[in-house]
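Residue numbers (the numbering used here): 5 to 424.
In case anyone wonders, no lab produced these hints; they're calculated from the structure.
Each residue gets a CB set at the ideal place from its N, CA and C atoms; glycine is no exception.
The calculated SDA-like cross-link candidates involving lysine to any residue, where the alpha carbons are at most 25 Å apart (straight line), are:
| hint | residue 1 | residue 2 |
| --- | --- | --- |
| 1 | Lys88 | Phe103 |
| 2 | Lys309 | Arg337 |
| 3 | Lys347 | Glu314 |
| 4 | Lys88 | Leu100 |
| 5 | Lys88 | Leu108 |
Quick list of simulated restraints, FRET-style, between CB atoms:
| hint | residue 1 | residue 2 | range |
| --- | --- | --- | --- |
| 6 | Val339 | Glu243 | 40 to 50 Å |
| 7 | Met150 | Arg129 | 20 to 30 Å |
| 8 | Thr406 | Cys352 | 19 to 29 Å |
| 9 | Pro120 | Ala164 | 34 to 44 Å |
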Amino acid sequence: SPALEAATTADAVCMWAQMLHKVLIDRGVPLAELAARTPAAYEVVQEVLSITDFEGVQGRVLYEPGQADPKGSVIIQQLQEGGKVFDIASYNHPTLVLFGNGDLVFGLGEVIAAGPAGANALPGRIAPFADCPEGQMLDMSTNQCMDCPEGQVFLDILGACACRAGYMALGSGCVACGAGNMTGSAGSEECDRCQPGRYAAGIAQTECKACPVGTYQPALSTTACVSCDASGRQTTMVEGADSDAACVCARDFFRKSAGGGCEECPIGMVCEAGSSIAEGVGSSNYPAVEEGFMTIMDDPLQVYKCLQMESCPGGRVGTCAAYRDTETVACARCVDGAYESGKVCEPCSGSTDVAPFILVGLAGCAGLAVMTFMVNRNLLMQTSNTMMCVVMVALMFTGIQTLGIFQQVSIEWFEPIQTL
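Work out the full structure, taking the sequences as your base and the hints as a guide.
Here it is in structure tokens:
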């Protein structure tokens, strides 16, 4: 009756008014969050409604634990095809009373009589919905499981089919993303453009690939990347370069000046990718020197091959082995204060005893004086033995001087002479 409907409507309005007051005022949930129907706000609403308990127009209104219907009087209605609303029954906990003035009509063509009037239960039950296997959707009009249309997949979170990755929704269907665009997940409303440094060569792509090493791409929504240098003299240090500024000289090449081209690495030097001499000898990307070679700091690109590998360890420009002169071609000399010992230079000792040298010098002078005296005597008065002694002493001093001269000369002997 209209009076009964008015009473239940009044209690329903009161119940919702109380819920809104508790949620917004007592619980402090923002109105914007409630309007957005966030999961957090929904949980608070459910909790507040579940503890409803007040004395309404039709009597006490409250929910039993775990029950969806309140204890109180309500009118059960059904919205049927054509927009008609039929009153089916009244419910006053715990009694259901059918009005008997219509039937319950369901979408699968099922019709159940809502009567006779005064009856307390329906004469039948509707068929349960089919339980579809994974990947299929339920056709509500036929209660049958169906595969999703072409280009769509079933999403559990939606409970329906949606456009697969690589496609976007358009009207009631899906269209593939064009080249240079992508969607990474199913259910996308629009395609994403490939960012600089990335590309998508074909349609229906699920990702934009990074530009390979040696290429770059500064634009959006592209299908390919631009090569740094068709000749292979330039490359990039990493994938996904988005500017030609990322192009550097490839391995075995170096750049002489900023903005200049790449030239072949000199023999005896090591040019890693990105090598350049534009920033000077001390820069980290300056070409290095191979082992067995050396360069002089004043002319760092003039490379010399060393006779001894031990003399030239390579590395940075102007590098020689320990105690070798870096200003000498091929590190051939020891620095001042060092001497040649085999294939390496060793530092001289800190102090030298000069007394033996003084004694040797004095003895030499005395011997020279004696020889001079003996030579200048009357030859007819000298015996042959005396002459022989003088000549032998002279030859001995000459040999000592010659050996001293050879000792000061650094000579690299080759096999088999070195062994002898």
